[in-house]
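*Asks:* Given these sequences and hints, build the entire structure.
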Amino acid sequence: MFKQSPPDRICMVRLSAIGDTCQALAVARAIQDTWPETRITWILGKTEASLLADIPDIEFIIFDKAKGIAAYQQVRRKLAGKSFDAALCMHASLRANFLYPLIRTAHRIGYDPERARDYQRLFTNQCIPATKGLHVQDAMMSFARFIGVPEQVLRWDIPLSTEHREFAAQYRRNGQPLLLLSPCSSQRARNFRNWSAENYAAAALNAVQKFGCHVVLTGGQSAVEQHYAQSILAKLGGDASNLMGRTSLKQLLALIDEANCLLCPDSGPAHMATTVGTPVIGLYATSNPDRTGPYLSRHLTVNAYPHAVKKYLGKGVGEVRWGQRVRDAGAMELIPLVDVNERIAAVFGS
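One point on numbering: in my numbering, the residue at position 266 of the sequence shown is 266, and numbering is uninterrupted.
Hint data in this document are derived by calculation from the structure and do not stem from the laboratory.
A portion of the hints provided could be inaccurate.
When the alpha-carbon atoms are kept at most 20 Å apart in a straight line, the in silico DMTMM-like pairs for lysine to aspartate or glutamate are as follows [to be verified]:
| no. | residue 1 | residue 2 |
| --- | --- | --- |
| 1 | K310 | E342 |
| 2 | K235 | E198 |
| 3 | K315 | E333 |
| 4 | K3 | E151 |
| 5 | K310 | D328 |
Label pairs and their calculated CB-CB ranges [unchecked claim]:
| no. | residue 1 | residue 2 | range |
| --- | --- | --- | --- |
| 6 | S83 | H299 | 43 to 49 Å |
| 7 | S5 | H299 | 38 to 44 Å |
| 8 | R145 | H299 | 23 to 29 Å |
| 9 | R246 | K310 | 35 to 41 Å |
Keep in mind that this is a model prediction, so the values were computed, not measured.
Idealized CB from N, CA, C, for every residue including glycine.
*Replies:* So this is what it looks like as structure tokens:
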């Protein structure tokens, strides 16, 4: 699109979630690396802004969904008087779709018809090519390719302060390898992504006994997560630190950066780890890791998704819609503990 001369201003829209906005950051960085003078404005969710909004050379407009209609009015005021060479409409949801008419541009670029959820095509006037079987990271990079950004090594470079790094460094005990355990995904209806607390405890104990790891638990303050923490700590005792509900997103990223490895299900921390190059042992059964797995650690993924699709949907992976979820609470128990221990050995035993 911009092969003759670089664009002056680009507007990006990706509101959430944490993992998706981390992947969208790679698009912004690719634009910056290709066209250093191009100004980028990014409309971003409030929670995600606590991780990303201090990135220099990107103007962030914060969308606080809790404010309802007032959030759109605030974005409108922030965009007043600004025009853009293109808008990258990288979020196909009803909430995000209503933002696109507020952006003054001739080129509102959205997803192809199959991926343009919630009637996104009514709010955009161009779309990226339809390509089946893409990882979410590659799908996002399709927006960069569409406007003329060539393929390149991905980078993220999320700022971390000395204070954040010092916070994380205190959990590196006596030179012990550090295993970060983030056992729970976000709590949503029929969102069955969590392996059992008993299995996590057994895997963590294996890492402690065989490789001398110090284990740090991270996550939120929900009752489910607190139950997981209690169950795992009961097995590990003094060989673990509990930071459940006690970190900011910046502190969590610093911990992930400090760690030798992250063990987690399909969740935001898996993609945060990608941004800092920390190996991820991702546990997948209800979602397809070829689409949503940690982009640089797919070789470490424990993939029970084909088994789950066969058992609960009666089909092969190639017979279901790309991105089809398995909505059964028992699916994650198809992940064998022995496979997780093998991945732990691959990381810490080398």
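*Asks:* Take the C-beta atom of R145 and the C-beta atom of H299, compute their distance, and say whether it sits inside 23 to 29 Å.
*Replies:* Once the Cβ atoms are compared, 25 Å apart, the range 23 to 29 Å for H299 and R145 holds.
*Asks:* Just to be careful, I want the Cα atoms of K3 and E151 compared with a cutoff of 20 Å; is the pair within it?
*Replies:* With Cα atoms ~14 Å apart, K3 and E151 stay inside 20 Å; holds.
*Asks:* Quickly compare the C-alpha distance for K235 and E198 to 20 Å and report which way the hint goes.
*Replies:* Since the Cα atoms of K235 and E198 sit roughly 9 Å apart, the hinted pair holds (cutoff 20 Å).
*Asks:* Evaluate the given range 38 to 44 Å for the C-beta pair formed by S5 and H299.
*Replies:* 41 Å, holds
*Asks:* At the C-beta level, are R246 and K310 separated by a distance inside 35 to 41 Å?
*Replies:* Holds - the Cβ-Cβ distance for R246 and K310, about 40 Å, lies within 35 to 41 Å.
*Asks:* Assess, step by step, whether the Cα of K310 is no farther than 20 Å from the Cα of E342, and give holds or violated.
*Replies:* Given that 20 Å is the threshold and the Cα spacing comes to 24 Å, the pair is violated.
*Asks:* Is it true that the CA of K315 sits at most 20 Å from the CA of E333?
*Replies:* 19 Å, holds
*Asks:* 43 to 49 Å was suggested as the range; check whether the CB atoms of S83 and H299 agree with it.
*Replies:* 45 Å, holds
*Asks:* Regarding the pair K310 and D328, is the alpha-carbon distance no greater than 20 Å?
*Replies:* Cα-Cα ~12 Å, so holds.
Against the hints set out earlier in the document, a violation occurs for number 1 only.
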